[in-house]
Amino acid sequence: MGDLDLVTFLLALLAGAVRVGTPFLFVSLGECLTEKSGRINLGLEGILVAGAMTGYAVAYLSGSAWTGVLAAGGAGLLLGLLHGIVCSLPRVNDIAFGIALMLLGTGLAFFLGKAFIQPQAPMLPSISLGAWSDDGRVRSALNINMLFFIGVALAIFLHWGLRSTRWGLVLRLVGDHSESAQALGYRPLRVRVMATAVGGFLAGVGGSYLSLYYPGSWNEGLSSGQGLMAVALVIFARWQPLNCLWASMVFGAAGAIGPALQSVGISSGYYLYSAAPYILTMAVMLATCRPNRTLTGAPGELSLNR
Amino acid sequence: MRALSLEIIGASKSFGSFQALAEVSLTVRAGTVHALLGENGAGKSTLVKGIVGYGPLDDGELLVNNRQQQIRTPRDSHALGIGMVYQHFTVAPGLSVAENLVLSRGDLNWRIDWPLERKRLNEFMQRMPFRLDIERPVSSLAAGEKQKLEILKQLYLDRHLIILDEPTSVLTPQEAEEVLGLMRDMAHKGDISVLMITHKFGEVSRFADDVSVLRKGRLVGSTQVSATSQEELATWMMGAAESAADPVSQKPVDPSAAPRLDVRELSVANDKGTLAVSKLSLAVRPGEIVGIAGISGNGQRELTEALLGQRQSASGEIRINGARYQASRREMQREKVFSLPEEPLRNACIAGMSVADNLALRNFDQPPLCRQGWLINRRAIQTQATALIQQFNVRPADPLRPIGTLSGGNVQRAVLARELTDDVRTLIVSNPVFGLDFASVAIIHQRLRDARAQGAAVLLLSEDLDELLEMSDRILVIHEGEINFEVAADQADRATLGHYMAGGGHEDQRAAGAA
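Here the protein sequences line up with chains Z and R, keeping their order.
Quick note: to get the working numbering, add 13 to the position in the first sequence (first position is 1).
Quick note: to get the working numbering, add 124 to the position in the second sequence (first position is 1).
Treat the hints loosely; a few may be bogus.
Said to hold, decoys possible - Quick list of simulated restraints, FRET-style, between CB atoms:
hint : chain 1 : residue 1 : chain 2 : residue 2 : range
1    : Z       : Phe124    : R       : Arg196    : 48 to 58 Å
2    : R       : Asn233    : Z       : Ile140    : 34 to 44 Å
3    : Z       : Ile292    : R       : Gln450    : 52 to 62 Å
4    : Z       : Trp173    : R       : Asp257    : 37 to 47 Å
5    : R       : Leu485    : Z       : Arg104    : 40 to 50 Å
6    : R       : Gln434    : Z       : Asp18     : 54 to 64 Å
7    : Z       : Ser237    : R       : Arg519    : 38 to 48 Å
8    : R       : Gly179    : Z       : Glu233    : 33 to 43 Å
Hints are computed from structural coordinates only; laboratory data are not their basis.
Built from N, CA and C at the ideal position, the CB exists for glycine as well.
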């Protein structure tokens with residue numbers, strides 16, 4: 014690989030990190046918020062797919078991509094709310110119900126989404142930051158979707174909000190030590206339901222990015238497990254929103270290795286490289302999780318710690 | 125004076141047909157420390173829960189600063205300036221000191237102005253007799269510091285009558301001394317009044333002005349501390365008939381005898397992966413009880429788990445009768461190693477299985493309970509259970525009941541029945557009487573002495589110094605995973621043990637113990 018090829022490869026990787034990483038960012042921020050309240054929502058994968066379908070369908074029907082994004086968030090909010098409420102019932106395990114919700118979300122999306130596989134919905138706009146450059150590769154790498162910037166702002170906002178707002182503190186308190194929260198008169202269940210619902214909203218928005226920007230169509234093979242990998246990603250990010258941003262970029266870059274290699278003419282092993290995010294997920298789990306240890310920084314009320 | 129006075133008149137409360145409190149009246153004078161003494165189940169907690177509003181009293185009047193008040197919910201008591209510090213910490217370990225304090229206030233704005241809050245908290249800390257760094261995460265605080273944080277929280281919330289529920293149960297003697305001393309000084313300055321639940325006479329005589337004693341829900345006596353004696357308080361507390369029997373004198377074990385249980389340079393990691401036990405060595409000979417004293421969280425849990433086979437050790441070895449011991453089932457059965465772990469429902473029982481099945485956990489795979497090495501004889505399990513239940517007085521006497529539905533004392537008795545009926549050669553015991561009533565404690569202690577008399581080597585880990593001093597032949601002190609002191613029990617005194625429990629004297633190691 015020559016110098017020029019290396020630059021092309023790195024640019025493609027960078028562009029891929031942003032392009033592939035954005036849905037990771039939204040889903041992981043949603044999962045981070047949910048887990049900070051002391052619950053795990055494995056159903057985010059189902060919410061992601063349901064969001065992708067809803068977003069695409071509503072964008073097609075209304076003619077506006079942004080309406081689609083909001084509708085996708087709304088669908089995610091409802092499914093998240095369902096998870097939050099059902100898991101507040103006595104003796105309901107959040108992990109088991111999360112798996113049920115994952116299947117429900119994808120099933121519903123496939124069933125309701127059949128009609129929208131063919132038509133073309135309006136796509137989300139992107140911002141061109143590369144106009145200053147004559148280099149086509151730079152221009153295409155800096156062609157970045159609006160949702161990415163919203164996601165970055167959200168990560169910064171959550172980072173600040175978890176420390177410096179009443180809601181953030183109460184959320185962390187509830188997720189860390191339910192009994193203290195109760196002793197102070199807060200209602201842990203209510204906080205968790207809200208956190209899970211908002212987490213669902215974010216995952217839904219992440220889904221709409223898949224169908225309305227990249228890859229940019231609705232079909233049943235749209236998601237490749239981003240919702241599930243987000244759980245690993247949040248652990249990797251040690252439950253910090255800003256770390257979720259970096260981790261999403263890393264996972265995105267891993268997912269973009271194949272296309273990036275292709276852009277410099279290496280196409281052998283393309284499918285092998287597509288497995289990079291999954292291998293990364295396993296590597297992260299292997300490196301951070303041990304049977305006889307608890308993780309530092311993990312919210313104390315998570316069922317994985319109790 | 126900002127301290128509140130509290131008068132309780134005729135407080136009564138029943139749970140069903142059980143009268144937990146009957147006509148209790150007492151007065152906490154403003155600016156004093158009032159101790160509330162009593163055995164487990166004497167009604168102390170019921171009374172203070174009534175005062176704070178967590179479990180309203182059935183009957184009785186409360187006068188705060190000589191004015192009658194209705195307290196139905198915790199909110200009512202907080203509004204009056206009454207606050208309570210619980211035995212178990214109610215601070216969130218994942219948050220910082222500042223965050224915990226700010227959160228405890230009910231009137232937060234949506235946005236927290238940290239620079240302003242920090243300035244205010246630092247000013248508040250300056251006014252306090254003891255301080256904590258507000259930036260520290262609570263998980264990094266020692267038990268004594270967490271207790272201080274609980275008290276600071278009450279002061280931060282402007283409470284002027286503070287109820288302490290066994291405040292020193294998780295502290296070293298030195299920490300206890302410091303915290304209680306500070307509380308007493310603040311009371312005598314007129315800032316606060318203190319009502320303190322305890323069962324330690326020493327704390328009453330050194331820190332309290334007045335003392336009230338409850339027994340079986342009734343007030344036995346209420347007086348100034350200076351007008352009474354420990355002997356009088358003990359008879360009030362236990363009733364004259366129940367005063368403790370003399371410990372059976374025990375002939376010392378030959379110190380040159382070969383150890384039964386021999387732990388050599390054992391290191392064990394905790395859940396976070398750091399070493400909780402580091403290069404710890406100890407030896408227990410047949411016919412002796414070796415006590416391990418230490419503040420909770422200094423590696424006792426990890427050490428017990430390693431000895432019982434629940435946790436892998438990082439390095440070092442455990443030997444029993446000179447042979448390497450890996451805590452496999454075969455080794456346990458061959459060497460007759462038994463255990464009474466703490467929290468028996470978690471560590472020694474399967475809560476959802478019946479009492480009979482739990483009683484058979486040690487021997488269900490051996491004849492006569494098991495034929496041809498695979499076929500379980502249910503009837504034999506039942507018969508064994510019925511006999512053990514009767515012998516150890518487990519209530520209710522139903523072998524088919526899930527063991528998780530029994531009370532703590534009965535679970536512990538069932539475990540005792542399983543672990544101590546066979547010929548015991550090595551016994552590992554951890555906080556065996558935690559949370560049990562007087563009668564159960566006496567039975568368990570007697571069984572441990574019996575095991576020793578029959579030649580068992582007993583290792584007793586306990587957070588209760590009284591228990592260790594009463595039961596052990598030798599006492600070792602564990603601090604941060606190392607044994608830093610060893611002494612014969614009859615030469616041990618609390619002050620020295622406390623000094624080492626707090627981490628003193630790593631330099632003079634075992635020299636002091638050997639001398």
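Against the structure, the hints come out as follows:
no.	hint	result
1	Phe124(Z) - Arg196(R): 48 to 58 Å	holds, 53 Å
2	Asn233(R) - Ile140(Z): 34 to 44 Å	holds, 36 Å
3	Ile292(Z) - Gln450(R): 52 to 62 Å	violated, 36 Å
4	Trp173(Z) - Asp257(R): 37 to 47 Å	violated, 23 Å
5	Leu485(R) - Arg104(Z): 40 to 50 Å	violated, 26 Å
6	Gln434(R) - Asp18(Z): 54 to 64 Å	holds, 56 Å
7	Ser237(Z) - Arg519(R): 38 to 48 Å	violated, 59 Å
8	Gly179(R) - Glu233(Z): 33 to 43 Å	violated, 57 Å
In summary, the numbered hints that this structure violates are 3, 4, 5, 7 and 8.
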